[in-house]
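Peer 1: Protein chains in written order, with this note's numbering: chain A, 1 to 524; chain B, 1 to 361; chain C, 1 to 404.
No lab work stands behind these hints: they were computed from the structure. Cβ coordinates follow ideal geometry from the N, Cα and C atoms, glycine included. Careful, some of the hints might be misleading.
[Unchecked claim] Straight line, CA to CA, 16 Å or less: simulated EDC-like cross-link-like pairs of lysine to aspartate or glutamate:
| no. | chain 1 | residue 1 | chain 2 | residue 2 |
| --- | --- | --- | --- | --- |
| 1 | A | 151 | A | 257 |
| 2 | C | 227 | C | 203 |
| 3 | C | 366 | B | 175 |
| 4 | C | 28 | A | 350 |
| 5 | C | 369 | B | 175 |
| 6 | A | 119 | A | 38 |
| 7 | C | 367 | B | 175 |
| 8 | C | 142 | C | 203 |
| 9 | C | 363 | B | 63 |
| 10 | C | 338 | C | 246 |
| 11 | A | 145 | A | 38 |
[Stated by the list, open to error] Just so you have them, the derived chain A footprint on chain B, three or more residues with Cβ under 8 Å:
| no. | stretch |
| --- | --- |
| 12 | 3 to 10 |
| 13 | 78 to 92 |
| 14 | 125 to 132 |
| 15 | 267 to 273 |
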Amino acid sequence: MKRPKKLTDKKSVQNSTEKRDRNLDQNLTNNLNKIKKELGNSTDLVIREFTIGNNPALNAAIIYMNGLVDEQTVSEFVLESIKIETPEVETATKKGIFDFIKTHVLSVGKINVIQDWDKMILSLLSGHTIVVVDGCADIVTAYTKGGESRKISEPTSQLVIRGPKEAFTESIGTNAALIRKRIKSPNLWLETIQIGSVTQTDVAIMYIKGIANEKVLQEARDRLKGIDIDGILESGYIEQLIQDHPYSPFPTIYNTERPDGVVGNLLEGRIAILVDGTPYVLVIPALFIQFFQSPADYYQHFLMGSTLRLLRMLCYTLTLLTPSLYIALTTFHPQMVPTRLLISFAAQNEGVPFPLFIEVMLMEITFEILREAGLRMPRAVGQAVSIVGGLVLGQAAVQAGLVSAATVIVVAFTGIASFAFPSYNIGIPARLLRFIIMLLAGSFGLYGVAMALFILIAHLTSLRSFGIPYLSPFAPFIWADIKDTLVRQPLWSMVLRPRLVNQENMRQQGKDNKPTPPDESKNN
Amino acid sequence: MEKAKVTGWQLFVLMFLFELGTAIVVSPGLGAKKDAWLAVLLGLIAGLILYLVYNKLFQLYPDLPLTGYMKKILGKYAGALLGMVYLFYFLYIAARDLRDFGELLTTSTYIYTPMLVINAIMILAVAYVLHKGIEVLARTGEVFFFALLIIGVVGTTMVLVSGMININQLRPVLEHGWKPVLETAPLTYTFPFGEMIVFTLLLPYLDHPRLSLRIGWTSMSISGLLLIWVVGMNIAVLGVHVATRSTFPLLSSIGLINMSGFFQRLDIAVVMTLIIGGFFKIAVFFYGALMCASELFRLPSYKGLIFPFCVVILLSSMFIADSYAHHIKEGLVVATYYVSLPLQMGVPLVLLIIALIRRQS
Amino acid sequence: MIPKMSHKFLLIWVLLGTVLLSGCWDHKETGDLALVMGMGIDKTEDDLYQVSFQIVNPGRVAGGKTGQGQGAAVTTYSETGKTILETIRKVTQKAPRLLTFSHTGVLIIGEDLAAEEGLKKIFDFIERYHDFRSTTLVLIAKGGEAKSILSILSPLERIPAIKIQEIIEKSEQAWGESPERNINDVAQMLSGKSKGLSLGGIELVGDLAKGQSSAVNMQATPDSLVKVNGLALFKDGKLRGWFEGEKARGVAWVQNNVNRAILSANCNPDEGAMAAEILRTHTRWQPKVVKGKPKITLNIRAEGQLADIACAIDLSNPDNMSWLDKRFAAEIKQEVTKAVEAAQEQNNDIFGFGEAINRADPKAWKKMKKNWSESFADMDFQVNVKVFIRGTGLRKEPLILKKK
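The following block holds chain A by itself, in its conformation from the complex (with noise of 0.2 Å):
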């Protein structure tokens, strides 16, 4: 459970207070010289220099990068602002003048005073303005992030019929807002870290204080200050490095990139950690059973919601199974299998050139590659893939006896229920285990297939997301939690949040929400 600490943690910490003993120049020549070499004179900084005030004229510059800031917030609360305020103001004390320009001037919400050169190249960075004043040693940062960012869309694999049809953006900030849009309360704290030696990149730990367990809480801040990587491009570097058990094939961390599915979530207790950059928010701890509940599931009709997420798990069994089973039954133990369908069979295969375990084992190779190329290529061409793929080599395929209809079937039955979860990561262990329990259907039959089980559920149990078990509430067995796994219970029965998650502040409704028909008699 615990990860081994890096050994390199130190040097780093090192290394950055070194850095961080810079500070910047009282000089505005020597700073934007510096600056300007730091950065290695990249064409997209921007430096802005002009004069404040008349008596005497005092030099300044605005720096920011082109592309990172909004450009109207920038000329119109930054650069005109200055201007217009500036022209008469006394420069006697060059400080004032920097108070000023704080106080007075700058009417961009967030600004911040540093002295810190990295902090301020940081800042910059980020899509900050930088104002500096000549003979000042502090700068001004104001808040002018900007530039192009993609618009709030719909979610494009979480896909609902009824429930809200935004997704999160690759800005944390637009991320961080729609969460909080949705929880109107003070409680919602957001802890930001940056991560990437290099990169940069912010991180934020979203929990609701109160309701979030501190234990797991303060697990995921040690696990995350522990790293130490040049970059995170997207959540799933997060993923990897802290997650519990990097060798399982089975996701223990939850994503999504549906904002009412992380607020849900965090009204359970968990914690969202989100990631500049990518639009998929992670969610800890995860079970096994979160990765088949959709929002959606909520919004509907408990019955409905109860009979998909039924249907999810026995796609699930099937995609991981199916296959197998074909083999095993048909090869192996013929016995069970009706009469008239094994002569069926035994018609079909009549002709065909490999042995039925071979034919499924090609087929299904077959599928994984239609369907990575369907998913790689242009969309125009991706359905003609499909088209020839799906159509034309099946079809053909068969008619020429190179394999038997009902294989063709079943790998088509096979590849139909895969897609069938509302979490594409959790497919992915059904896809990779499901060849391994081929082979043992191979070799061992029905026997093989039922070790394969075994061995699979002993792993399953023994996997845990940041301490709690994975496959709870079904083993360790807790009765409370069972209410919201296979089936969902009808909303107002759960007054409780689920008992792993958190201790404590375990009410999360009263008990009266049963909807009950007006009484008629008290009305008379």
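The hints should help you fit chains B and C onto chain A, whose structure is shown.
Peer 2: Same frame as chain A, but now just chains B and C:
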């Protein structure tokens, strides 16, 4: 001992799977013919009484496994010696169960597969789970308990619905008097109820020690009643003659299910039941042996022993008997009277008496 | 850390190694299977078993690209040998595939074999061999060889063995005469000491040679057919005689084997006939021992609907309905009495009355056990039949009734 805790429910499940284990497939007590169920019932009652003894010992030494308090009660050397005996006993029973398992698979579905391979795969899977520790074993048990429950419910419904049960086959009760029943009862006690002795090694892991009696008794009773039902059902379906002649009666009776020509040859479900039950039975005995050994040799962790024990169990399961007849004869006569009865009943009773006398003085 | 990991990997490698290297002993491709749909056992003159296997040709049965060819859907191989296993081995020399019995629907035993050697010897193998399923139906070839019955091709259903199975299932439901007995039933009865055994019979009608050609499928009125007929009676595992028609159904009534049946009776000796469709029946035995003498009371209860009536009775009159009930009850009673008396004549307890007496009075049974056959022959029995005709179908009065 590992640093682990097992919840009451998990212990219940483990005991349940353990008790049904292989017994449900080989149907003990058929020596008593039509009254086999009665013999099982007697065995169950004896088992429940003896569990009181195990439980009392556990209550006296709540932190120690069998081998631990044996040393305290009998002294260091005598305790260690007896511990060795139990170590070999558990290894032997694990090997026997593995053999049972292999026999069923090779006679029913895997005719051409060498038993060594079947057994090797099984023991390796067991080893993998034990490698992860007792908690994982217990949790795996929870999952497979539900699997077994589903198989059981479906199988029972099918048997009931297809109308194969002929209660008349069980009558008259006590056709040959009490004698055959009483003669068979020791066998049904030692297998499976007396085998609960191995749980004296697992009880210290229980998170609420005061529940140990309740858990043990409910688990034994429920599994015992199920066993009675299965034994009775076998006779009611197959008739007493076919049932006693069958190598695996449950396999034969479930094989008769034929519902509208589609649901038939469900005997593979029986094989699955055996795989699940056998797995946990072997695993628990294996674990018992590991506990004994790590306690005796004062090892901090038993993990190093898993692989050598694996090989020992596997090989002895192969060399234990020449044929199924040898295997069963050995199990029914030699193992019962000379090994199981003293170790399951004699030793714990003596231990308890000595411990109580010591407490008094 | 490192030794622990290598331990884990060792385990995985050993596991994978066994899987990959071991191959697959019990693996068989469906295309390599010869599915034996029906099996017949006869005895030849030189005291060998002659075993016939009706093997399906999958390509000719199921659809698919190969199409339903003109050839026969099954092939019947036949071999002789000292044991059944020997014949199975010999057949493998002819058929290029692996004989599989897990889908065998019917087992037909030649009349000669059943009468002379009995069933016990062959059933030992059949029970013991792993590949047989105990739900396979057992039939006796009436007046002929099992081989010839398995050689007949059939219209309607391309696999004759399946056809026989279906006939048995349908006729048990509709006619109630041929019992559906499988291997397990036979084994149970063979191992009991007091029990007799009755099995359904099957016979060949028409010309054997013509029935063997697939041309039979092209005729509207086939030259040859197999027909389920009669009840074979066994004692000590050996065939002792046949019951047919009413007697055969009488046995079914006694054994509570009638699910549905068509029951016909005459209204009056000189008047027309009527028939009822019996939908639900139940037979309860009341065995007891009176003064050391066994006695059994058979209570039969049947419910049904009037199906056909050719006599002038006003059916709207409840009294007349009760009269109908009694007429049919008398009919059933007659069938049952005939059957039991016939069995008693043969000293053959095919019903299992002995077991019933054992259940009722184990002590008395112990005395009677040794010469049960004699006790059975002169045991008393009483038959009480109650029939309830619940409805008269879609019409009330019979056409023949002249309303005034």
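Peer 1: Taking the hints in turn, state whether each one holds.
Peer 2: Hint check results:
As the CA atoms of residue 151 of chain A and residue 257 of chain A are separated by approximately 14 Å, the hinted pair is consistent with the 16 Å bound. Distance check on the hinted pair: residue 227 of chain C and residue 203 of chain C sit about 5 Å apart at the alpha-carbon level, within 16 Å; holds. Pair hint residue 366 of chain C plus residue 175 of chain B holds up; C-alpha atoms about 10 Å apart against a cutoff of 16 Å. With a CA separation close to 13 Å, the supplied pair residue 28 of chain C and residue 350 of chain A stays within the 16 Å bound.
At most 16 Å may separate the alpha-carbon atoms for a hinted pair to count; residue 369 of chain C and residue 175 of chain B meet this at roughly 13 Å. Using a Cα cut-off of 16 Å, the hinted pair residue 119 of chain A and residue 38 of chain A holds, with the two alpha carbons roughly 13 Å apart. A C-alpha spacing of about 13 Å is found between residue 367 of chain C and residue 175 of chain B, which places the hinted pair at or below 16 Å, so the restraint holds. With a C-alpha separation of about 5 Å, the suggested pair residue 142 of chain C and residue 203 of chain C falls inside the 16 Å cut-off, and the hint holds.
A distance of roughly 56 Å separates the Cα atoms of residue 363 of chain C and residue 63 of chain B; the hinted pair therefore is violated under the 16 Å criterion. The hinted pair formed by residue 338 of chain C and residue 246 of chain C meets the criterion: a straight-line CA distance of about 8 Å does not exceed 16 Å. The hinted pair formed by residue 145 of chain A and residue 38 of chain A fails the criterion: a straight-line CA distance of about 21 Å is larger than 16 Å. Only when three residues or more bring their CB closer than 8 Å to a CB of chain A does the claim for the stretch 3 to 10 of chain B stand; here the count is 3, and the claim holds.
Restraint check on the stretch 78 to 92 of chain B versus chain A: 0 residues with Cβ-Cβ distances below 8 Å, three needed, restraint violated. Beta-carbon proximity to chain A at under 8 Å applies to 4 residues in the stretch 125 to 132 of chain B; the threshold of 3 is reached and the given coverage holds. Here's how the stretch 267 to 273 of chain B fares: 3 of its residues keep a CB closer than 8 Å to some CB of chain A, so the rule of at least three is met and the hint holds.
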